Amino acid sequence: MIETLEIPSQEVRLPAEAVEALTHGTPVAVTRYGQPVHVVLSQKQFASVAPLLELLNEGANVSPELLMTQEDIVLMRDLAEDREPSEAEEEQIDELVAQLDA
Amino acid sequence: MPLAVAELRRGRICYAIYPFTAQFPFELADGQTIPNVEQFARAFRGQPVPGKVEVRLRPVLLLHDGTRGEHEDVACLRINTAKSHHRSHEAAWARITNHEHPFFFHLPVTDSYGLRHESLVAIASVGTVHKSAILAAVGQLKTHEMQIVSERLTRALGLDFAPLIARKARELMRLAGLDKPPEHPAADADD
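Protein chains in written order, with the working numbering: chain A, 1 to 102; chain B, 1001 to 1191.
Take the hints with a grain of salt, since some may be wrong.
To be verified - Derived coverage of chain B by chain A (criterion: at least 3 residues anywhere in the stretch with Cβ under 8 Å from a Cβ of chain A; other residues may be distant):
#, region
1, 1028-1042
2, 1115-1129
What the hints assert, rightly or not - From the derived model, a few chain A residues whose C-beta atoms are all more than 10 Å from chain B:
#, residue
3, E3
4, L14
5, P85
Derived from the structure by calculation, the hints contain no laboratory data. Since the model is a prediction, treat every value here as computed from it, not as a measurement. All residues carry an ideal CB built from backbone N, CA and C; glycine is no exception.
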C-alpha cells in the first residue's frame, strides 16, 4: 500500500471551485508562479492510480505506454506524421549541399 | 559517401534520409494498392516487394558509432523541428521544454546542436539509416546529454538491464576480492 500523509479536512482550505472539480472527478493542480507543484485527486481517482504509483516507487518495470497521457500519444503521432520540413531545415540543407559542392 | 566514416559517432546530429513507416493501404511501385497486411502476406509471402514509402532528409541523432566499415546501417532517433501545432499540446510541451518528459529530449537552438530551429528528439522513434544516406553532421550532444537519452530510451523501450547490472556488480566484487566467502564463517557468526 502506498504511504500517504493524512490531514484532517479542517486543516486544508480548498476553494469551492476546487472542491466542486474534485467532486466531478477533475484533478486540481496547485500552482506556484504558474507552474503546477501539487495535484489533488479525489479518493476514487487516487485508488485507481495508487497501484501504478506503488510500482513506480518500487522501481518496477512499468510499461511505458501506461506512463503516457492521451496528449503525449497525440503529440507522438503528430510528430511521426509531420512531413513538412521547416524553412530553417531547408535553408540548412541548401547550405550543406553548397559546402559539399565547394 | 559525403560524410567521412570517422564522423559517424554516437551522439552526432546528422542530416540523413529517414523513412516514414510503411502502413496500409500500401501502394506498390506499379500503382497497385494492397488494402491490408493479410492480403499482402497472401500475395507476396516473404518476398521483397517494391513499394512507395516516403522518405525525408531530416536531422537524426546517431545512437552508436558507425565507424567500422563492415556495418552499413547506423541506429538513430528521429529529430523533429518544433512547430506551433506541436507546442499547442501545452502540458506535454511544458514537460518537454523543462526536460521532464521521458519520451522526448528538447534541443533549443545552440551552436553545439547545430540546428537552426528549436527541435526535439523523439525517444521512441528508433530507426536505422544507411551510411550512404547520411548527408552531413551538424552538431553533437554532450556525454551527459547522451546518458539522459540512454536512460529515457531504456525506459521507453522497456529494456531490462537488471541481469547486465547484476553481472557487472558481480564482476566488480570479484575484482575487489569481495566475492569470496568468509574464511572462518563460524567465527564470524559468533561475532
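The hints, checked one at a time:
1. 1028-1042: Result for this restraint: violated, n = 0.
2. 1115-1129: Result for this restraint: holds, n = 7.
3. E3: holds (23 Å)
4. L14: holds (22 Å)
5. P85: It is violated; P85 of chain A is separated from chain B by about 7 Å at its closest Cβ, not greater than 10 Å.
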